[in-house]
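Residue strings, one per chain:
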Amino acid sequence: MRVSLFITCYNDTLFPETGKSVVKVLERLGHTVEFPAGQTCCGQMHYNTGYQSEAMPLVQRFVDQFREAEAVVVPSSSCVAMMKDHYPKMAAEIGDAKLIADVDALLPRVYEFSEFLTRGLGLEDVGAYYPHRVTYHASCHGLRNLELGDGPLRLLKAVRGIDLVPLEGLEQCCGFGGTFAVKNADVSSAMLSEKTTAILNTKAEACTACDNSCLMHIQGALHRQRTGVKTVHLAEILAGDEGAAR
Amino acid sequence: MSGVALDPKTSPVFPMAAKAALGDTQMRKNVRHATNVIQTKRGRVVGEMPDWQQLREAGKQIRQHTMEHLDFYLEQFEENCTRVGGVVHWARDAEEAKRIVTGLVKASGSDEVIKIKSMTTEEIHLNDALEAAGIHAYETDLAELIIQLGQDQPSHIVVPALHKNRQQIREIFQRKMNLPELGESPQDLADAARMFLREKFLRVKTGVSGANFLIAETGGVCIVESEGNGRMCLTLPETLITIAGIDKVLPRFQDLEVVLQLLPRSATGERMNPYNSIWTGVKEGDGPRAFHVVLMDNARTEILADKEGRQTLNCIRCGACQNVCPVYRQTGGQAYGSVYAGPIGAILTPQLQEMHHAQSLPYASSLCGACYEVCPVKINIPEVLIHLRNKVVKQNTAGIVGLFDVEAGAMKAMAMIFKSERRFRAAQRLGRMAETPLVRKDGRGVGWIGWLPGMLGGWTQVRDLQEMPKETFRDWWEKRRTNGN
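As you go down the protein sequences, you meet chains A and B in turn.
Taken in order, the first sequence gives residues 1101 to 1346; the numbers are from my numbering.
Taken in order, the second sequence gives residues 40 to 524; the numbers are from my numbering.
I should point out that these hints are in silico values taken from the structure, not numbers from a laboratory.
One or more of the hints may lead you astray.
[To be verified] Below, a list of computed lysine-lysine pairs in the DSS-like style, where the Cα atoms sit at most 27 Å apart:
| no. | chain 1 | residue 1 | chain 2 | residue 2 |
| --- | --- | --- | --- | --- |
| 1 | B | Lys-346 | A | Lys-1124 |
| 2 | B | Lys-430 | B | Lys-451 |
| 3 | B | Lys-518 | A | Lys-1120 |
| 4 | B | Lys-451 | A | Lys-1184 |
| 5 | B | Lys-48 | B | Lys-433 |
| 6 | B | Lys-518 | B | Lys-58 |
| 7 | B | Lys-458 | A | Lys-1184 |
| 8 | A | Lys-1120 | B | Lys-145 |
| 9 | A | Lys-1184 | A | Lys-1283 |
| 10 | B | Lys-451 | A | Lys-1283 |
| 11 | A | Lys-1198 | B | Lys-346 |
| 12 | B | Lys-322 | B | Lys-346 |
| 13 | B | Lys-99 | B | Lys-68 |
| 14 | B | Lys-430 | B | Lys-417 |
| 15 | A | Lys-1184 | B | Lys-48 |
| 16 | B | Lys-145 | B | Lys-322 |
| 17 | B | Lys-430 | B | Lys-99 |
| 18 | A | Lys-1184 | B | Lys-430 |
| 19 | A | Lys-1283 | B | Lys-80 |
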């Protein structure tokens, strides 16, 4: 299949390894990856902070970039949730009939990365090897907006060598919430502290998730506390293979 | 915070109030314990309903339909309530509602009232208005009594004293009921409250209540409660005055079938409330001889006029969103600076203030969506939060002052950057240069930022930020393509 990658603005800038891993997994499965060069941002930060009119042009931009795609894969559930929950409404708001139709036609072909593997391709075992103790954090947008359910966990269970340990309070928000983490820094920190305690209780070497945004927030505290526990995007675990493991 | 009225007009912004609340470890422990207990019970009784999702949908449809035809159902309620001997009064706002109730109590010839727990009377601070007019109000709901005697403020819609534990309640009772020897078992505390209240029930001739639902078809008023104290207030006084927001109306008696399944399971984790009281007008020789209903608008019409904010009025005040909210569970209710706390408070309070106050509340959420998931009438609280954030931004960026709004400036600059791939790449390069002075290498040679300036400093209070990688994904992709692999 011809898969178009929407890397998202923050993954592009801060987490290129996640993008490389997505490419590796998809190519290993025999798919062709394309990267529309004009892509930037889905508009989530603006939209969720209250800057709706600033987010609006990014809907048109996304549609223009991915109109021809057979499938769009995005390694971020919150960005996919932004599109699925808000793009149709945003297009309707400006009353642009063409944009409404384009959004309608494109959205069913947009997948969060793990969702593409489990629902789009019907896979669980993607041939990965990752010999480490890992716990999985379900990000809120993946869990509630995209209803990913146990999809990411099924992918992880099929990884060879992995020691997967359940995380207590899986459905609890980590406290990131975009600009929430700076606007309500104290509450966000209190929520984060519960999450990191739960992670440390698992004795895992790494915490994984489908969203680098949650992971960046969790990693920030794990590093500050000198815990030695890493965070790693799900794609990077699935990209692991025996050749890469020394 | 105790003793100071929860008034959105004067309360500190949420981040400041939350910071203070986070320091109260006993309160946080109490809130966590109580919300965990209620959530577990709720999970159990919701889990045993195979048609829960259909019930939620039915609840949503009933409430939505009612709001779309609110004028019709309110007039129908007035007509039917009047027909059975009630007197209906209309109050445009809190001031008018307080004036009407005070006048009615005075006309009843009493300078005391017994009250049923009512968030609507809390919303307008009715007790203060009554006190100012020389009328003393006795709260009879156990939790409200604890709040009143402790000169405290409610912290939860359904369980207003949820932030207090048993020892703290005993201490309040010992002091205020003059019972120095009082024990702390539930039995001891309930006995003390019973002794204290029984005398009031038998003596006071005027009752004031809120309403869970007003039934348009019959002109009846419905109250659900757990203690029976509410029923005492409904049946013993000679005069009963009910005050309700205009959003409390239901079209048909039959609609109770849906909402009385949704409400108790969502609110307290019970299959049904121990006391469900519906009274319809006055009857010779049975119950109050005079019955008044004050229908209060107090900004609800403005909320109704807002297409996206309107679903807020569908709320049936179960408090499930509070119990599940990760923000509420950290801060408790009083940090919200309003009698309506938690996710529903974060959308209701600013709208009740017609967006003049409480603008920090729509941001008091990580948009995790847990509130929407549990709401028995499917109010999409995150969607309304985002809608209200947009209203706040529009207010803050209006006019000349708006030009100097730092956040808006940054957001607009980012929006410009995202409009062009070329500009985005330039910004990525610029970001790498700008962060360089802040980066410190750790033992493994990885760069971290431990301090950020200004608003971003909130991030580095408890978190480090890894430095930006030398190469963006985009750069890597291009290089890979050029190299042909």
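Each hint tested on the structure:
1. Lys-346(B) - Lys-1124(A): 46 Å, violated
2. Lys-430(B) - Lys-451(B): Holds: Lys-430(B) and Lys-451(B) sit about 16 Å apart, inside 27 Å.
3. Lys-518(B) - Lys-1120(A): Distance ~12 Å between Lys-518(B) and Lys-1120(A) Cα, so the pair holds.
4. Lys-451(B) - Lys-1184(A): 24 Å, holds
5. Lys-48(B) - Lys-433(B): 20 Å, holds
6. Lys-518(B) - Lys-58(B): Not satisfied, since the Cα-Cα distance of roughly 48 Å exceeds 27 Å.
7. Lys-458(B) - Lys-1184(A): 21 Å, holds
8. Lys-1120(A) - Lys-145(B): 76 Å, violated
9. Lys-1184(A) - Lys-1283(A): 26 Å, holds
10. Lys-451(B) - Lys-1283(A): 18 Å, holds
11. Lys-1198(A) - Lys-346(B): The given pair, whose Cα atoms are some 24 Å apart, holds under the 27 Å limit.
12. Lys-322(B) - Lys-346(B): Roughly 42 Å separates the two Cα atoms, so the pair is violated.
13. Lys-99(B) - Lys-68(B): Outside the cut-off at roughly 34 Å; violated.
14. Lys-430(B) - Lys-417(B): OK: Lys-430(B) and Lys-417(B) at ~22 Å, within 27 Å.
15. Lys-1184(A) - Lys-48(B): Answer violated: Lys-1184(A) to Lys-48(B) is near 37 Å, above 27 Å.
16. Lys-145(B) - Lys-322(B): With Cα atoms ~23 Å apart, Lys-145(B) and Lys-322(B) stay inside 27 Å; holds.
17. Lys-430(B) - Lys-99(B): With Cα atoms ~25 Å apart, Lys-430(B) and Lys-99(B) stay inside 27 Å; holds.
18. Lys-1184(A) - Lys-430(B): 22 Å, holds
19. Lys-1283(A) - Lys-80(B): 33 Å, violated
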